[in-house]
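Chemist: Chains as they are written, first to last, in our numbering: chain Y, 1 to 377; chain L, 1 to 479.
Hints in this document: simulated from the structure, not taken from any laboratory. Even for Gly, the Cβ is constructed at its ideal location relative to N, Cα and C. Fair warning: there could be bad hints in the mix.
To be verified - Computed list of lysine-lysine pairs in BS3-like fashion (alpha-carbon distance at most 27 Å, straight line): (1) 29/Y x 316/Y; (2) 179/Y x 112/L; (3) 107/Y x 133/Y; (4) 251/Y x 68/L; (5) 92/Y x 67/Y; (6) 190/Y x 284/Y; (7) 47/L x 112/L; (8) 68/L x 189/Y; (9) 190/Y x 112/L; (10) 389/L x 190/Y; (11) 68/L x 293/Y; (12) 107/Y x 60/Y; (13) 11/L x 251/Y; (14) 47/Y x 87/Y; (15) 251/Y x 112/L.
Unchecked claim - Computed beta-carbon distance windows for the label pairs: (16) 78/L x 9/Y: 50 to 56 Å; (17) 54/Y x 19/L: 46 to 52 Å; (18) 102/Y x 265/L: 55 to 61 Å; (19) 291/Y x 242/L: 54 to 60 Å; (20) 12/L x 103/Y: 41 to 47 Å; (21) 226/Y x 349/L: 43 to 49 Å; (22) 85/L x 321/Y: 48 to 54 Å; (23) 11/Y x 85/L: 23 to 29 Å.
For reference, the chains in residue letters:
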Amino acid sequence: MSTADYTVSEEVAQQASEARERLDEHTLKMVHWHFSEETGSPFWLEKKAELNFDPLTDVKSFDDLKKFPHFEDEWLRGGPVRRWVPKGHANKPTYVFETGGTTGIPKSRVVVEDHWTDYELFSDTLPEEHFPKGANWLMLGPSGPRRLRLAVEHLAQHRGGICFCIDLDPRWVVKLIKKGWMDHLEEYKKHCIDQAVTVLTAGHDVKCMFATPKLLESLGEALEDRGTSLQEVGITGIFSGGTEFTPQWTKFCVEELLGGPVEEGGVYMTPTYGNTLMGLACSKPITAADNYKISYYAPQPRAVTEVVQFDDYDQKVGYGETGRVKLYTLTDEFFVPGFMERDEGEREAPFETYPWDGVSGVRPFHELASATTVGVY
Amino acid sequence: MITLSPLRWGKPYESLDFTDVVHFDTGEPIARVGNVGGGIVGRDMRKAHKAREALLQFSPEDLVERCKQAAVLFESADLTVGDSTQSVDQFVHQQSASTGLPEHMCRSNMAKNSFVLSNIDQILDCLTRGLDLSIFSRGYGEEGRGVIVSYQSQTPVLGAVLPNNSPGVHTLWLPAIPLQVGLALKPGSQEPWTPYRMVSAFIEAGVPAEAFGLYPGGHDAGGAIMTKTPRSMIFGSAQTVAQHEGNPRVQAHGPGFSKVLIGDDVVDDWENYLDLLVESVLSNSGRSCINCSGIWASRHTREIAAAIAEKIGPVDVLPPSDPNAQLAAFTVPAMATGTHAMVQQDLAEHGVEDMTADFGEKLVEREHCAYLRPMVVHADSPDRQVASKEYMFPFVSVVECPQDQMLKRIGSTLVGTVLTQDPDLIRHAGSSVDIDRVNIGPIPTNRLNWLQPHEGNLIDFLYRSRAYQVADMPVAAHA
Chain Y
1 MSTADYTVSE EVAQQASEAR ERLDEHTLKM VHWHFSEETG SPFWLEKKAE
51 LNFDPLTDVK SFDDLKKFPH FEDEWLRGGP VRRWVPKGHA NKPTYVFETG
101 GTTGIPKSRV VVEDHWTDYE LFSDTLPEEH FPKGANWLML GPSGPRRLRL
151 AVEHLAQHRG GICFCIDLDP RWVVKLIKKG WMDHLEEYKK HCIDQAVTVL
201 TAGHDVKCMF ATPKLLESLG EALEDRGTSL QEVGITGIFS GGTEFTPQWT
251 KFCVEELLGG PVEEGGVYMT PTYGNTLMGL ACSKPITAAD NYKISYYAPQ
301 PRAVTEVVQF DDYDQKVGYG ETGRVKLYTL TDEFFVPGFM ERDEGEREAP
351 FETYPWDGVS GVRPFHELAS ATTVGVY
Chain L
1 MITLSPLRWG KPYESLDFTD VVHFDTGEPI ARVGNVGGGI VGRDMRKAHK
51 AREALLQFSP EDLVERCKQA AVLFESADLT VGDSTQSVDQ FVHQQSASTG
101 LPEHMCRSNM AKNSFVLSNI DQILDCLTRG LDLSIFSRGY GEEGRGVIVS
151 YQSQTPVLGA VLPNNSPGVH TLWLPAIPLQ VGLALKPGSQ EPWTPYRMVS
201 AFIEAGVPAE AFGLYPGGHD AGGAIMTKTP RSMIFGSAQT VAQHEGNPRV
251 QAHGPGFSKV LIGDDVVDDW ENYLDLLVES VLSNSGRSCI NCSGIWASRH
301 TREIAAAIAE KIGPVDVLPP SDPNAQLAAF TVPAMATGTH AMVQQDLAEH
351 GVEDMTADFG EKLVEREHCA YLRPMVVHAD SPDRQVASKE YMFPFVSVVE
401 CPQDQMLKRI GSTLVGTVLT QDPDLIRHAG SSVDIDRVNI GPIPTNRLNW
451 LQPHEGNLID FLYRSRAYQV ADMPVAAHA
């Protein structure tokens with residue numbers, strides 16, 4: 001598909017323009033928060049001294065964030081973790097969430113309420129008929145110092161439900177893969193799925209769940225082994241993410257795990273894209289007619305995704321063209337003025353629901369793909 | 001361009017995930033292959049019993065006849081492969097284009113696969129030690145000595161994670177069909193051609209399509225085949241083999257470290273065996289596990305190495321369509337450069353000498369591929385690291401080692417050709433557990449007798465011999 005095929009209506013163009021204005025305003029507000037002596041974090045106030053511009057006077061729009069050097073997630077390794085807490089939030093209870101850490105020091109991100117806010121916004125996108133308010137949830141994903149675990153629990157509570165969780169240590173999973181202990185890996189997966197099946201068959205009225213693609217697949221299989229299915233145990237809505245998500249997997253999932261397309265009575269499933277740095281991007285509704293294409297849209301203005309040229313990370317590619325995914329996080333708790341994600345994809349046009357750029361076909365960045373272990377749980 | 005879709009128990013599946021198979025030299029796509037993930041494999045394996053049930057509708061003798069028809073079709077007919085009709089010449093071109101193997105080697109591998117299928121009755125007769133195949137079909141039967149024997153099938157299907165670059169290995173899974181065991185195959189990403197064409201030939205010959213699953217994909221699909229089938233085979237590196245060692249569910253095939261051992265009684269006449277040595281090293285571009293990677297003798301080793309070097313050192317890169325082409329390309333150039341670097345390390349050790357040094361640069365790099373030209377290395381002792389190396393190109397180390405030390409030092413050896421008439425050496429070679437296939441006398445390591453089991457007997461892998469006692473039920477008194 002060429003860039004010319006990505007035309008948007010006048011109405012969407014107008015919405016996009018307004019969204020852009022909101023993003024510019026929000027950017028200014030966040031830059032002032034993070035670089036003011038009274039509210040900024042020790043990390044960014046210290047970093048300010050290294051910059052060859054003054055963020056407080058020289059950043060006037062979102063595009064001006066390109067003046068910052070790219071955010072390096074290596075900065076998140078090691079302490080003191082307090083240096084990331086904005087002074088404006090200094091006295092609030094603070095969480096620390098980790099990513100990586102199979103070997104060596106994990107990357108840490110501090111959070112006060114961002115994970116709640118992100119998932120409350122996400123909650124607004126979930127259709128009530130498939131994610132009924134008051135229904136209980138199952139979190140079939142990583143436990144431990146993970147943002148996802150608490151965020152999903154909050155989502156359930158926000159919607160009036162109670163969240164059941166399992167024990168799953170993704171670092172051990174990565175170690176099993178690296179050691180080539182595939183039998184142990186299989187047994188560990190069974191151990192996780194057994195926990196989920198126990199919850200789902202114990203009369204807890206669980207209707208909604210989060211699951212990574214691989215675990216959802218295994219759960220469907222395990223339920224079938226027991227002569228039942230996701231539908232029969234009462235699941236009506238699933239949001240999935242955490243690892244790579246492909247149209248082919250979605251097709252398989254809809255056609256063979258979830259009882260068919262949702263309009264024919266199948267379980268509703270929506271893909272999501274996110275990480276500890278950014279939060280959660282929602283997917284445009286997926287359909288068989290669109291070959292299960294998955295397009296993600298960040299929760300702008302709190303986070304932004306761009307698809308940029310491989311040889312110039314400050315230049316966006318044309319619509320439909322392929323580039324590397326660049327993330328921005330602009331909340332009053334965390335400031336990321338451009339982080340080069342380890343993914344690539346195609347730039348998607350704005351539409352009514354999300355009048356800003358999205359990204360589709362997300363997959364490991366080809367230059368790093370061979371070194372990346374994806375889809376570990 | 002040909003499109004190869006996954007086959008789910010005989011039914012093509014429309015995947016949304018495609019990868020291109022590209023020409024090794026130009027990088028041009030020559031096929032697109034639809035992929036599946038482990039979830040689909042897992043779901044299909046739940047129905048694997050149906051594959052066996054479909055085969056059990058036919059007698060083993062009937063399936064043997066169909067295998068023979070399939071052999072003819074595979075080697076000579078236009079067959080429907082993926083969404084296209086494929087002639088033999090197209091098959092050869094395509095396989096050569098994606099694997100980098102010269103076309104005449106592709107034809108020879110094709111003939112090998114066809115030969116095994118054509119002679120499947122004799123091969124099964126030898127593998128089963130002459131048992132009536134109906135015993136495997138029923139699970140038990142009378143062997144002829146007045147005793148019931150029972151062979152219980154351990155799996156409804158044989159899974160296989162197939163290699164990228166070795167079209168000759170497919171002979172190993174072919175006998176599953178007449179044994180009424182279905183097939184769940186993950187084709188190699190660069191060599192989908194043989195499994196697709198072979199399955200097409202089987203179906204054309206009347207073997208039920210429900211017996212076949214073809215699951216192209218990544219590690220996920222391969223992993224699912226390995227974990228979801230009770231018996232599977234995998235082809236890979238020494239690391240892959242080590243990973244599955246001792247697992248009765250998996251037959252792992254890796255490097256062969258095949259060798260020729262020359263006894264003291266004949267080593268002075270080594271020149272008589274030069275052609276045998278050259279063939280063992282050079283055939284199939286040195287890619288097979290049955291290619292010779294070590295020649296061991298107590299004396300004349302330098303002369304032997306020099307003579308082989310004289311023969312294979314000048315071998316150079318030729319176009320794949322050239323009938324004289326002896327070298328296959330490394331379709332992943334980094335594999336060639338990495339291998340070359342490892343050989344340089346081997347050569348740095350004291351006592352190791354490159355006998356092909358005078359025959360020019362060994363690493364030939366192209367835009368999309370690379371080649372390694374033949375190398376012969378002399379090692380003055382089995383202590384040298386190179387004595388236990390095997391690489392994916394014509395490479396051999398000629399190792400000086402006293403005869404009484406040879407069998408203690410050779411290590412794992414898939415094919416061991418022992419050139420000797422010394423009864424002691426023959427006896428010890430026969431009892432060496434390091435040697436899998438033993439050849440006594442002048443038999444090149446690459447020449448296999450298909451009537452002998454290869455790397456474990458497939459019958460023992462797929463079936464279990466067990467007790468099965470039968471007694472007449474007493475007639476009820478009131479009857």
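Chemist: Checked against the structure, which of the hints given earlier come out wrong?
Modeler: Per hint list: 2, 3, 4, 5, 6, 7, 8, 9, 10, 11, 12, 15, 19, 21, 22 and 23 violated.
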